[in-house]
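Asks: 1 is the number of the first residue of the sequence shown in full-length UniProt numbering; add one for each residue after it.
Because the hints were derived from the structure by calculation, they are not lab data.
Values in this document were obtained by computation on a predicted structure and should not be read as measured data.
Where hints are given, some of them may not hold.
Using C-beta positions, here's what the derived DEER-type ranges look like [claimed, not checked]:
| id | residue 1 | residue 2 | range |
| --- | --- | --- | --- |
| 1 | 34 | 98 | 13 to 23 angstroms |
| 2 | 101 | 43 | 13 to 23 angstroms |
| 3 | 49 | 81 | 11 to 21 angstroms |
| 4 | 17 | 41 | 30 to 40 angstroms |
| 5 | 81 | 10 | 17 to 27 angstroms |
| 6 | 57 | 34 | 44 to 54 angstroms |
| 7 | 45 | 75 | 15 to 25 angstroms |
| 8 | 39 | 96 | 12 to 22 angstroms |
Note that the Cβ used here is the ideal one computed from N, Cα and C, for glycine as well.
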Amino acid sequence: SGSLLNIYSVGMALEQEGFKILNNITWQKTNPAPNLSCRYFTHSTETILWARKNDKKARHYYNYDLMKELNDGKQMKDVWTGSLTKKVEKWAGKHPTQKPEYLLERIIL
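Work out the full structure: start from the sequences and follow the hints.
Replies: If you want it as structure tokens, here you go:
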């Protein structure tokens, strides 16, 4: 995933390396950190790029039925809403941008 500050560079680099962007997914955080400067909107989203090699042999897999099942029987959208990483998931130490397990599971599936 990426923040507003670097996601455009990441997308451009992927395309320059021969990848095709399949989806631009927005992770909307329900409990983002506050904006202490009070000079900007609170950063409450991150972007996830889903990409694959852009050649004729490259294929991607999308399990439509599983994604629908995980979304209460509704088609999965490109905005995913959820909370930041829970303390119990930070057993290996504290990383400032650690992602929650539910988000990683959805990305991998």
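Asks: It remains to establish, for every hint, whether it holds in the given structure.
Replies: Here is how each hint holds up against the structure:
1. In this structure the hint that residue 34 and residue 98 lie 13 to 23 angstroms apart at CB holds, the actual value being about 18 angstroms.
2. Residue 101 and residue 43 have their C-beta atoms about 22 angstroms apart, which keeps the hinted 13 to 23 angstroms range intact.
3. With their beta carbons about 18 angstroms apart, residue 49 and residue 81 fall inside the hinted range of 11 to 21 angstroms.
4. About 32 angstroms separates the C-beta atoms of residue 17 and residue 41, a value consistent with the hinted range of 30 to 40 angstroms.
5. Taken as a hint, the range 17 to 27 angstroms holds for the pair residue 81 and residue 10, whose Cβ atoms sit roughly 22 angstroms apart.
6. The hint said 44 to 54 angstroms for the Cβ distance between residue 57 and residue 34, and at roughly 47 angstroms that hint holds.
7. Take residue 45 and residue 75: their Cβ atoms lie about 21 angstroms apart, and the range 15 to 25 angstroms holds.
8. In this structure, residue 39 and residue 96 meet the distance hint of 12 to 22 angstroms, their C-beta atoms being roughly 21 angstroms apart.
The structure shown violates none of the earlier numbered hints.
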